[in-house]
Amino acid sequence: LAKTTQPISMDSYEGQEVNITCSHNNIATNDYITWYQQFPSQGPRFIIQGYKTKVTNEVASLFIPADRKSSTLSLPRVSLSDTAVYYCLVGDQAGTALIFGKGTTLSVSS
Amino acid sequence: NAGVMQNPRHLVRRRGQEARLRCSPMKGHSHVYWYRQLPEEGLKFMVYLQKENIIDESGMPKERFSAEFPKEGPSILRIQQVVRGDSAAYFCASSPVGPDRPRYEQYFGPGTRLTVT
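Listed in order, the protein sequences are those of chains A and B. All residue numbers for the first sequence refer to my numbering, where the first residue is 1 and numbers rise by one. All residue numbers for the second sequence refer to my numbering, where the first residue is 1001 and numbers rise by one.
Each hint should be verified, as a subset may be incorrect.
[As the list claims (entries may be wrong)] In silico lysine-lysine, DSS-like type, Cα no more than 27 Å apart, as pairs:
1. A/LYS102 / B/LYS1027
2. B/LYS1027 / B/LYS1044
3. A/LYS102 / B/LYS1051
4. B/LYS1044 / A/LYS69
5. B/LYS1027 / B/LYS1062
6. A/LYS54 / A/LYS102
7. A/LYS102 / A/LYS69
8. B/LYS1071 / A/LYS3
9. A/LYS3 / B/LYS1044
10. A/LYS69 / A/LYS54
11. B/LYS1071 / B/LYS1051
12. A/LYS3 / A/LYS102
13. B/LYS1044 / B/LYS1062
14. B/LYS1051 / B/LYS1062
15. B/LYS1044 / B/LYS1071
In short, the hints are calculated from the structure, not lab data. This one's a predicted model, so the numbers in the text were calculated from it and none came from an experiment.
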């Protein structure tokens, strides 16, 4: 599985857009890029997944450049409730273990 | 559709006792995964099971830990002779039938917080 690197922490204020970048230089051709969110004392929650270009859902957008060696999770207009740890994972299919790194701790202030 | 259910949510055991953690996957999911999260650390994979089969237990300690997913009933993670270092949050996740699905997506339960005194 490709190793991922993301910032340990980020701070933001309510209403701002937050972009969290993840590096995955050794991503394989079949790998998808997936982001999970974990609130304190809860299990991780799937946010978004993409293979290339841009993916958008009701929660976030995921931008993936052509070389796929990095990706950016974009959270529009964050609120206090977006304070959580965000994990970037890279893998190729279901039925395999998820390998979590330390993630990015996002703190949103008022 | 109920999500992944885990019980108990909190479990306190004295050193040397056994801990049994239960996980009921989402309806229609036959793949179950167990993860452990130590305080201030990320989640670590422990074991991956399908009904009646252990597929990958590479993350499970060789001693004292075992897991099963019987044909009927929930998946069970069993920790024998618990020690203080076993204190952690244990999360179960499930996914739909794969591995032909192209998605790297699992649904997590709320976790069981084990405290060993």
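### Pairwise hint evaluation, A/LYS102 against A/LYS54, where the allowed Cα distance is 27 Å at most
25 Å, holds
### Query
Within a Cα-Cα threshold of 27 Å, do B/LYS1051 and B/LYS1062 meet the stated pairing?
21 Å, holds
#### Entry: 27 Å limit on alpha-carbon distance, applied to hinted pair B/LYS1027 and B/LYS1044
25 Å, holds
#### Entry: Pair hint outcome, A/LYS102 versus B/LYS1051 [Cα-Cα no greater than 27 Å]
Status violated; Cα separation ~31 Å.
### Query
A/LYS69 and A/LYS54: Cα distance at most 27 Å?
14 Å, holds
### Task
Quickly compare the C-alpha distance for B/LYS1044 and B/LYS1071 to 27 Å and report which way the hint goes.
At roughly 26 Å apart (the allowed maximum being 27 Å), B/LYS1071 and B/LYS1044 satisfy the hint.
### Query
Within a Cα-Cα threshold of 27 Å, do B/LYS1044 and B/LYS1062 meet the stated pairing?
15 Å, holds
#### Entry: Satisfaction of hint between A/LYS69 and B/LYS1044, Cα-Cα up to 27 Å
24 Å, holds
### Message
Given the hinted pair A/LYS3 and A/LYS102, is their Cα-Cα distance within 27 Å?
### Response
Since the Cα atoms of A/LYS3 and A/LYS102 sit roughly 12 Å apart, the hinted pair holds (cutoff 27 Å).
### Task
For the pair supplied as a hint, A/LYS102 and B/LYS1027, confirm whether the alpha-carbon distance does not exceed 27 Å.
Since the Cα atoms of A/LYS102 and B/LYS1027 sit roughly 30 Å apart, the hinted pair is violated (cutoff 27 Å).
### Message
Between the alpha carbons of A/LYS102 and A/LYS69, is the straight-line distance 27 Å or under?
### Response
Holds. A/LYS102 to A/LYS69 sits at ~19 Å (cutoff 27 Å).
#### Entry: Distance restraint between B/LYS1027 and B/LYS1062, which requires alpha-carbon spacing of 27 Å or less
31 Å, violated
Of the numbered hints listed earlier, those contradicted by the structure are 1, 3, 5 and 8.
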